[in-house]
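Assemble the complex: chain Z is given as a structure, and chain R must be docked to it using the hints.
Next come the chains, spelled out residue by residue.
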Amino acid sequence: MLSIQNITKSYSNHTALSEVSFEVNEKKIFGLLGPNGAGKTSLIRIINQITRPDSGQILFNGSPIRPKHEQYIGYLPEERGLYKKMEVGEQLLYLAQLKGLSKQEAMKRLKIWFEKFEISSWWNKKIEELSKGMQQKVQFIVTVLHEPQLLILDEPFSGFDPINAALIRNEILELRNKGATIILSTHNMASVEEICDDIALIYQSKKILDGTVVEVKENEKENEFLIRFKGDLIAFTQSLWVDAKLISKKEVGGYHEAKVKLLNDKQPNDLLKAVIPHVEVHSLNEVIPSMNEVFIKKVEAINNNSHA
Amino acid sequence: MRKIWLIIQREYLSRVKKKSFLLITLLGPVLMVAGISLVVWLGIEEKSTQTVLVVDEKAPVFKGLKSDAFVEFSYGNNMGIAEAKELLHQSEYTCILYIPSNIEFSNTAKLYYKEQPSIVAIRNIENQVESIVEELKLNQYKIDRKEFYDVKTNFTLSAIKHAESGKEEKLDSSKTVIGFMFGAAIYFFIFIYGVQVMRGVIEEKTSRIVEVIITSVKPFQLMLGKIIGVGMVGLTQFVLWIVLTMSIFSVVQSTVFKDFYSPEKLTEQVQATPEVMQELEKEKTSKKFDILSPDGILQRTNWPLMIGLFLFYFFGGYFLYSALFAAIGAAVDSETDTQQFMLPVTLPLTLGYVLSLIIVENPEGQVAFWSSIIPFTSPITMLVRVAIGVGEGGVPIWQVGLSMALLIIGFLVTVWFAGKIYRVGILMYGKKVTYMELWKWLTHKQ
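Keeping their order, the protein sequence lines are chains Z and R.
Those letters in the first sequence? Residues 1 to 308, by the working numbering.
Those letters in the second sequence? Residues 1001 to 1446, by the working numbering.
Next comes chain R alone, as it looks inside the complex:
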């Protein structure tokens, strides 16, 4: 045990002390925050006001367009569209809104712009024009506005899960998105650190240090120590990334973007555009993917459960795959020879990732069930499923239990198999190894 501990220490410290580790650990969150901030900043920049020249062939029907923080309308009296286009680049106007005379039949207007306006601005114009066209049609057909609203149907089908016990829950795929993020994190973690294990094994093999070390420890201990040590490095990096990203983000938020994030500012902007607010309101109620609201996705996620299961599947999946990566490392002489063995390992791993994209939409289907039971894909897919909850109304407890048990068995079996290949492989030099050869190593006596 003491020896495994020594190996874990070495594997851990030799990686954590590297400058590149420090650099990536620090740079990762900085880049992340910078990226997010850039997106937010660009979003804010886009909200600069559009000045729209309205060419209204049905004048004065569209006189009623209301200017606000995003869009400012002015009217070219009796100006033709050709004339307006000529004027556009010599003027301050950012766009031309062209309303053709047959708008009530064609249901289209045209917006000519210099630089693409933000979605918010386009939505705003669209909504205003739409409601005026509606008004126009109501008048033409002599329909009362109230009657119209009574007839106009905004239909929704509400899908609700009815559990045996009578408990009912609305299907909520937004929760599985959180699960998908966890699953994706595991996927990338296994990939990055599994390959690190493989490189470590190849390094020991090519530098021939392995022959010295296995006179002191068993090959299996060496393999296990390496896997655990590298896993700890990964966990350290992961935790540091989250902590650093959070803290940098909160610092940036409270200093640089102080004004933009203040609630007053936000409400002020929203109030300024009632149509947009309505639109947002609609989206809110239909999707419930608003992070800030008390009913938001962050509040509805069962964090202790998610984090607990995340750690379990994180290590389970990592052990399973890194043992295979270690076996590959032992079987080859250099990294260039790894290609032929990599595919069978990376294929199920990537499959798990791809399937989890499907499972986000359908966390209780056949694909979801089988892929979350089989140990090669379960570390990624089960995380997506359990995000909807475990037990009543969620993934049945027996399925989670079975999946966890199979993952433990799966990783014990792969570690055992990998150990056999590892033991023979690390002492085998200068030979191109084939699958046939690997099979011999597996079945070979010591």
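Next comes chain Z alone, as it looks inside the complex:
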């Protein structure tokens, strides 16, 4: 769907993006991750053709991206913005027409969205009369009204209360199910795990990681297991051997919980064989890192390298 190829962009005093490449697959939700200032917004602006890259190119459905593709893209900027003194209905009609919809078509679609979000009474209200959350809903409609093939949402959940955040999340999932491709830029890793299919991690203007969420976590897991048991903790530790290192331990409601890292390709079965004779095992789970942990680990690794 969207192919980012060797994008480099620098401003007068710093490099915003350096040789960034990745693929955004059709009908997937793609998480563009990175801390503030990593270069996410620069990249989004290039995809939106607000700015041009110094080098590299972007393919939209296989062909270099052009101004005519604007109408297939919907963009929700991080800094939300609407004309404050303009009425809701009028404003939505205007922005939809700028995206190429006819007035009649825009009107028809707006009615559906207004009913869906139960905001029909807002049509003649000025934006400045609405609460922040309400403005966010209007902005979301602006983004999706022209039914874009590609949606770019920059921090879509910020500013929503939990109920409306859930509403928006469901909308995003529904849009994907209907066939839209969605790029979701955020530094909120929890939301990524919930709804993203694929991710790319950008840090200090470089892409440092990409793949499906499952893959990335699989790749980043460290063969650690959480074992929950009853019995003697000393017996448990004594049963471990040189390829099974105890990382941490704690007691929770009468059970012991120990995190064990297996080295040299040892398997969980090896661990079970070793400990079962000594303690009563209740559960064994592989420790899958959260996106947050993956993120922090990667960033720390880079920082250590650069310091070394």
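Hints are supplied without guarantee of correctness; some may be wrong.
What follows is a list of derived Cβ distance ranges for each label pair [claimed, not checked]:
1) Z:K125 - R:M1342: 34 to 42 Å
2) R:K1017 - Z:E300: 54 to 62 Å
3) R:K1431 - Z:S3: 32 to 40 Å
4) R:I1307 - Z:K103: 33 to 41 Å
5) Z:V214 - R:M1342: 56 to 64 Å
Derived by calculation from the structure, the hints in this document are not laboratory data.
Every residue, glycine too, gets a C-beta built ideally from N, C-alpha and C.
Frame of chain Z; chain R shown alone:
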């Protein structure tokens, strides 16, 4: 193109539909007519008769003062000036005319008043006293009145432009006054609506809507649409003002001031004061600034030419300056930050206005030439110059052509430059921008 049209529509309608637009559009002409009417009414009120007590130390020489609609003379027989002053506030008299015994040497008399009499009344008294003093002197020097008039010289130098073709025309600076009015209108228009463009850009920038819009249209289209849309608002307001002012004025004239404006009434008043009429007649022939006469300034102005050029320079100048105003709006985060960039824009604009005051007097000098060629001042100054005519006896056609061509080039260049600053500026937040920075934006690749 469709998108620019949509933007123009929005910019236009969102402003025209505002209550404040309606209010100013309606209130402007009403205030204008009210102001003019007040002046006229006060003028009429002033014509109330002055009753003058004459204290004549040369009595009975000044017995011959004639009363009329404006001034009524009565004589305090043998009354001293001190006595007359005492009497003034207990009497109906509005003034005391004190004629000292040495009047033929001092050439001055004194008028003491309670409330300032109108200029017309003072002129009237002055003229009458003057002619009596003249008479007195003629008698003393034993000069015949006819001889005196033969000798008395009222000299005029008639300045006439002689064109190469032999066509001759009298220099007529009253025409340039009409031109100045057009120029001044352009000056105020550029100022008011240029600033509106700037505010619009700042509003889009601070509300962050601009980032949404430029994913649909190019920044340049957005800027152009805004400039054109606001320009149309200005033109609408301008036309409405003229139409409304004219129609309200004609209504007021035909109802409230019906009596005062009727020609019979006017002639009646004028005839009543032959001296004043003579005075007016003199002014008429020397200045030719009488609006009503068939030879008046309104008749001698080439309206189609003036209005055509007015529209051209109106839009040319507006585009040039509003593009700069748009660039300022894009470079700053709020209106308070605009100060440092405003001066270089408002300075040439104001200079054009100030220079046009000079050009009214000398529409063919060096100042007039250069300022009407340079695009930053030409929208204002050229209007003053072309009022004397274009071609034979007026501004040479090549100068007008050059000025128009340079204005078009000028506004294309400024719009292009402004577009570059605009494009970078609208996405730049929270940074105090310097001139150095602006230069970088201009030279920056996309």
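Verification of the supplied hints:
1. Z:K125 - R:M1342: 34 to 42 Å: holds, 35 Å
2. R:K1017 - Z:E300: 54 to 62 Å: Taking Cβ atoms as reference, R:K1017 and Z:E300 lie about 57 Å apart, which means the hint holds.
3. R:K1431 - Z:S3: 32 to 40 Å: This hint holds: roughly 33 Å between Cβ atoms.
4. R:I1307 - Z:K103: 33 to 41 Å: holds, 36 Å
5. Z:V214 - R:M1342: 56 to 64 Å: holds, 58 Å
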